[in-house]
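Chemist: Given chain A, work out where chain B should sit, using these hints.
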Amino acid sequence: MAGVGVDPTEPVSSRLFGSLARAQYAAVLALRWRLLVNSLRSSQGAFELGAKILSVLLYLSIGFSMAIGFGFGAYGMASEGEWKLLPILIWGVFVIWQVLPILHISFKQQFDLNILLRFPVRFGSFFALTLLFGISDPSTIFGVLSLLGIWLGISAVNSALALPLAALFLLYAAFNILLVRTVFAWIDRWLAQRKTREVVSVIFFACILSLQFFNPVWYTNDTNSMAHGTHGLSPALLHIVHVTSQYQRWLPPGAVGMAVRLGGVNGGYALLLSQWTALLVAYTLVIVALLVLRLRAEFRGEILTDGAPARKLQTQVVRPLRQAIELPEAQTAADSARGVVIAVISKELSIMKRSAPILYTIIAPLIPCLLLAWKFMRGAVVAGFSSPLVMPACIAFTLLGFINLISNLFGTEGVGIQLYFMAPVRLRSVLLAKNLFYGALMMIEVVVVGLMVSLRMGLPHIDSLLTTIFWVLFALPCYYAAGNLLSVQFPYKMNLGRIGKRGAGSQANGLLSLLVQMVVTGIGASVLVPLALLGRLWIAVPILMLLAVGAIVLWRFSLSAAEKIAQQRMEKLTGIFARAD
Amino acid sequence: MLTPAIETRSLTRKFGDFTAVDNLDLSVAGGQFFGFLGPNGAGKSTTIKMLTGLLEPTSGEMYIFGERFGANALELKRQIGVVPEGMALQGRLTASEYLNFVGRMYGLDKATTKMRAEELLDFMQLADEPKKLITDFSHGMQKKLALAAAVIHGPKLLFLDEPFEGVDAIAARMLKILLTGMIQKGATIFLTSHVLEIVERLCSHVAIIHQGKLVANGSLEELRAGVPSAAGEKLTLEQIFLGIVGGGEANTQELSWLA
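Just so you know, the sequences run in chain order A and B. Residues 1271 to 1851 (my numbering) make up the first sequence, in order. Residues 490 to 748 (my numbering) make up the second sequence, in order.
Misleading hints may appear alongside valid ones.
Derived coverage of chain A by chain B (criterion: at least 3 residues anywhere in the stretch with Cβ under 8 Å from a Cβ of chain B; other residues may be distant) [unchecked claim]:
hint, stretch
1, 1679 to 1689
2, 1737 to 1750
Far from chain B, some chain A residues (derived; all Cβ distances over 10 Å) [said to hold, decoys possible]:
hint, residue
3, 1342
4, 1418
5, 1427
6, 1555
7, 1567
8, 1634
9, 1695
10, 1725
11, 1787
12, 1840
None of these hints come from the bench; they were simulated from the model. All residues carry an ideal CB built from backbone N, CA and C; glycine is no exception.
Isolated chain A, as found in the complex (with noise of 0.2 Å):
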């Protein structure tokens, strides 16, 4: 049977390197090959590829200066023997490696390895390709640089450590790793079904509104709490931190700050040897556990929909329409313009109504600018900010969370995007469309900070409102104008149903829309920045509003360029969204 490869009448060998699945390895490889190299034959592929290296580079920058400022932290708390601080840096990871795959979650469509389970595939090649397939996701390269940091400056102080604790973080980084396909796997499950995917939303929205009302009971208000060196923590609550502190050794960052603790006192292989890495090794096995019994199911067929349920068997009669359908009357332009509106701001609503991913997307950045405004709580001054900034900063923040939605407006059509060219519909009415409906929901997401900011440090001064206002009005139609152009250049395919199947996407879509971001921050950072330290921020009212009056014609122009893009690229465009995964 010689060039047949794996001889077919020979029994299957049960290895995971065995060789019938050393080819099949081999085939995926070379598969994720040809779909590199195919994307290439477009220019637009060229650009992707570009696009994603420079996304690597610049992962890989902020990984390193991760790591420098983790070896720094660890060479620091090591040379003062002060182990017992270790645990925060070890928890630092731990955040990062799983909280920044949820804020990073993007619905763009990856290679489903779920294709593979019509072939001969062993479960357990099964296993090591899903936990393989994103391991050079933003948070593994994080996660991996930060504690190459850390390992850097504890062995620089103590190179007996080195080897166990080489060994100690292999452990961890696979702990990491192993949980975060584990969360994504099972959020997947109970998203796929309705009723569950209610439930779990209910649950997340809830997690998020008390870590909201736990930050303004976290810090109280009390400034004589502060002059008595408790740094704004309630008594009651500093028992909570001192009880915690007891506590967050049994969880698996604890215990390997633990266990790095012990062989920095006792020295050299003690770490290996302790109950804590034993505990690690335990909380590894159970999320291994876990990891099969989900990928288990899913190797077995499992579908991750409703499913169609069974039909009753009954005598189906052909009922008549009762009226005959008929063309309607011709529409004027403007009332045909507004129906479309109309039409696909209702299809938006009920999409989004029930996708938690999306509403996720929108909330999940108040988290943070309820932190921010802490920060600048009650006139502090921190890093040469004032608080004159804040409202805008919060702001700026929020509107981050809709540009993912935003630069790629047709990504969760999928093939119905067809309906826009088969309607007798404009393309910018449609565009117009979409714009409106995120404008308003972004709208009411700047009240909403503009309500948590003003109740947490005042009514803001004029001067901040208005400079805010217009601020918003400037940017608003900068970040329409790019996503609308970006939506018919670079678009992608959402999956809305499966978060944990994300992946690449558009990296054009997704680098260009930062740069977007970044140049309308920077050019409001720039003329907001200096005045406010001036104490003339007055004088930014007229610029921003003159700024915003260019935008929104830049907005407009947008919308006729962008159907005229989209009509040129209707064949690319429809092929995007039809194309098989």
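Modeler: Okay, now just chain B, sitting in the frame of chain A:
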């Protein structure tokens, strides 16, 4: 002479070096149930995409009700209904939400859209599960919904790309009743299908495209006359089709490595 519902002259579409549709000259009279047949990759879907404004022709001309797509494109699109290749559904809407969306996009007012959507869902027997998302529908249910969406605005010309693919016998009967009802009221239907028995039963005229070129066009009787047959034998559409595009002889060569 009446203006044809569809007319193409030397309609051509190329993808790079590949010519998907090659100098297509076609005329479909108003009120006809027109079957457009061809083997896989013959250019059927490409033709439908061009005729519905989803794809720009490389060259040639096409007229819908005597008018070209151009400045009048929106008014022409208002008179057309399409069930495209991928059905163009919105998976995360319910059937009712989707029909209401489509109705408004075609310019129906809210009350009319609501009334027609309810009627169509009832007719298509999709009204039982109002909260179910389209993504959770079976393939057949999705096909019925796509057809309902294509007719909600009462088009004069309906393009159907494989409407019977994956549809059970009950649903197929329902679709046939709807389509013949439309023909009786004067609509024109342009249908592609691989289910030749259905085409034979429904269509008054048939055209066959092969490798992008129109190889046959006419009524069933005209097509029969063009294919040699034994005396007295009435050829089925399948026999006519295979006689024209070839492949009538089964490939008897065996694959040695297959069990």
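Chemist: Which numbered hints does this structure break?
Modeler: Those not satisfied are hints 2, 9, 12.
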